[in-house]
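Novice: Sequence:
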Amino acid sequence: MEYTFLSDSEIEELAMNCDKFLNTFDYNRFIVSQIELDFPIAYSILTYKDVVQTEKLLRAIYRPHNVYCIHVDRSSGLSLHNAIKAISKCLSNVFVASTLEDVIYEGYSRLKADINCMSDLLNYSDVNWKYIINLPSQEYPLKTNSEIVKVLHTLNGTNSIESYYYEATHYRINQTYQENYKTSKLELTGEIKAPPPHNVTVAKGSAYGTFSRRFVEFALRNPKARDILKWTEDTLSPDETFWATLAFNKNLGAPGIQYSDSGVPNPKSWITVGVMWQSKGPTREVCHGMYVRNICVFGLGDLNKIVHEKTLFINKFYHYYQPFALMCMEEWHFNKTFTNVPFESYYYNRLIKS
Numbered sequence: 000m001e002y003t004f005l006s007d008s009e010i011e012e013l014a015m016n017c018d019k020f021l022n023t024f025d026y027n028r029f030i031v032s033q034i035e036l037d038f039p040i041a042y043s044i045l046t047y048k049d050v051v052q053t054e055k056l057l058r059a060i061y062r063p064h065n066v067y068c069i070h071v072d073r074s075s076g077l078s079l080h081n082a083i084k085a086i087s088k089c090l091s092n093v094f095v096a097s098t099l100e101d102v103i104y105e106g107y108s109r110l111k112a113d114i115n116c117m118s119d120l121l122n123y124s125d126v127n128w129k130y131i132i133n134l135p136s137q138e139y140p141l142k143t144n145s146e147i148v149k150v151l152h153t154l155n156g157t158n159s160i161e162s163y164y165y166e167a168t169h170y171r172i173n174q175t176y177q178e179n180y181k182t183s184k185l186e187l188t189g190e191i192k193a194p195p196p197h198n199v200t201v202a203k204g205s206a207y208g209t210f211s212r213r214f215v216e217f218a219l220r221n222p223k224a225r226d227i228l229k230w231t232e233d234t235l236s237p238d239e240t241f242w243a244t245l246a247f248n249k250n251l252g253a254p255g256i257q258y259s260d261s262g263v264p265n266p267k268s269w270i271t272v273g274v275m276w277q278s279k280g281p282t283r284e285v286c287h288g289m290y291v292r293n294i295c296v297f298g299l300g301d302l303n304k305i306v307h308e309k310t311l312f313i314n315k316f317y318h319y320y321q322p323f324a325l326m327c328m329e330e331w332h333f334n335k336t337f338t339n340v341p342f343e344s345y346y347y348n349r350l351i352k353s
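Residue numbers for the sequence shown follow numbering that gives the first Met the number 0, so the first one is 0 and each next one is one higher.
Since the hints were made in silico from the structure, they are not lab data.
Each hint should be verified, as a subset may be incorrect.
To be verified - No more than 27 Å apart at the CA atoms, straight line, and that leaves these computed lysine-lysine pairs for DSSO-like:
no.	residue 1	residue 2
1	Lys184	Lys48
2	Lys129	Lys149
3	Lys149	Lys184
4	Lys352	Lys249
5	Lys149	Lys304
6	Lys55	Lys129
7	Lys88	Lys48
8	Lys129	Lys84
9	Lys309	Lys352
10	Lys192	Lys223
11	Lys88	Lys55
12	Lys149	Lys48
13	Lys192	Lys181
14	Lys335	Lys129
15	Lys55	Lys229
16	Lys309	Lys335
17	Lys192	Lys149
18	Lys279	Lys309
19	Lys19	Lys149
20	Lys19	Lys88
21	Lys129	Lys309
22	Lys229	Lys279
23	Lys184	Lys129
24	Lys181	Lys149
25	Lys249	Lys267
26	Lys304	Lys279
27	Lys129	Lys88
Stated by the list, open to error - Computed spacing ranges between beta-carbons, pair by pair:
no.	residue 1	residue 2	range
28	Pro196	Tyr163	40 to 46 Å
29	Tyr290	Glu343	28 to 34 Å
30	Leu219	Glu186	39 to 45 Å
We put the CB at the ideal spot given by N, CA and C, even for glycine.
Required output: the full structure, derived from the provided sequences and hints.
Specialist: Okay, structure coming up:
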């Protein structure tokens, strides 16, 4: 069954009348507790196509007391830029990043896009947010805002950053790469990469995480952290090494990192986003959608499993692929927001404090 979605230009036109936009997409109806009001969250959202899916994500996580920075790929079509700008004019706590990058897959520009939003959010004085969560537009929340706040309260200043040592990916950092904006690809230069500064061990992790305000200030302003960020500029997929490396190296003193007895970051605190990776063997998970770059794009058959996951978000959906999968997730999440469903706080207390 085919389903027709609004185009970027149609959403832009709708958002030119803010009252109509807010009523059409139900931005005026929220149940917000005092605990939520006292714990504002900042979001960095990266998008490069399909404003319809970006708006679905924004609507699911939107609350008037939070703050949202949207980075639109500079090379994306004008219709996407115009639509996002129109939406941001209707929501006073939503803004487009002040500096936009031409994002190249696996390049430094991908990390820089998040850095730009985080810098803007640190300078945003209207909301004293406690944590930043960075997201691509293809993710979707598994928890309501109320539930996310409860989890963040449990974290109590600890970050949720995936970080581990993985020698098999050292090809990403032992040779240099450059972004080719004519081909929109990352290319090898043939040069050997100098060792990282401050004798750090380069770690691997996710590009996405839940970062305390103190950690973001450290990552963007600490001289050693800035040296490491500069060093990553000509590496492959620095978005998957920068945060992880800051967390992995205890001697750097990054705030909010929980270490295990062996001195490495506690993997149990990694609760930000769930991903189903393509794998082989009898114990592999079954993707009922399709795989893109070894990641499952979820279909309807995956939903029963997804809704029981403990992570805050799940990656990923394409709104146009098996469209009722994301539409069902929207309805499930909406209903959970407006019903008093018991929340398993004990699970996160035990997980994070163990």
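Novice: Work down the list of hints and note, for each, if the structure agrees.
Specialist: Comparing the hints with the structure gives:
no., hint, result
1, Lys184 - Lys48, "holds (18 Å)"
2, Lys129 - Lys149, "holds (13 Å)"
3, Lys149 - Lys184, "violated (41 Å)"
4, Lys352 - Lys249, "holds (19 Å)"
5, Lys149 - Lys304, "holds (23 Å)"
6, Lys55 - Lys129, "holds (24 Å)"
7, Lys88 - Lys48, "holds (19 Å)"
8, Lys129 - Lys84, "holds (26 Å)"
9, Lys309 - Lys352, "holds (16 Å)"
10, Lys192 - Lys223, "holds (18 Å)"
11, Lys88 - Lys55, "holds (17 Å)"
12, Lys149 - Lys48, "violated (32 Å)"
13, Lys192 - Lys181, "holds (24 Å)"
14, Lys335 - Lys129, "holds (24 Å)"
15, Lys55 - Lys229, "violated (34 Å)"
16, Lys309 - Lys335, "holds (15 Å)"
17, Lys192 - Lys149, "violated (43 Å)"
18, Lys279 - Lys309, "holds (24 Å)"
19, Lys19 - Lys149, "violated (33 Å)"
20, Lys19 - Lys88, "holds (13 Å)"
21, Lys129 - Lys309, "holds (21 Å)"
22, Lys229 - Lys279, "violated (37 Å)"
23, Lys184 - Lys129, "violated (36 Å)"
24, Lys181 - Lys149, "violated (46 Å)"
25, Lys249 - Lys267, "holds (17 Å)"
26, Lys304 - Lys279, "holds (19 Å)"
27, Lys129 - Lys88, "holds (24 Å)"
28, Pro196 - Tyr163: 40 to 46 Å, "violated (21 Å)"
29, Tyr290 - Glu343: 28 to 34 Å, "holds (30 Å)"
30, Leu219 - Glu186: 39 to 45 Å, "violated (28 Å)"
When held up to the earlier numbered hints, the structure conflicts with 3, 12, 15, 17, 19, 22, 23, 24, 28, 30 and fits the remainder.
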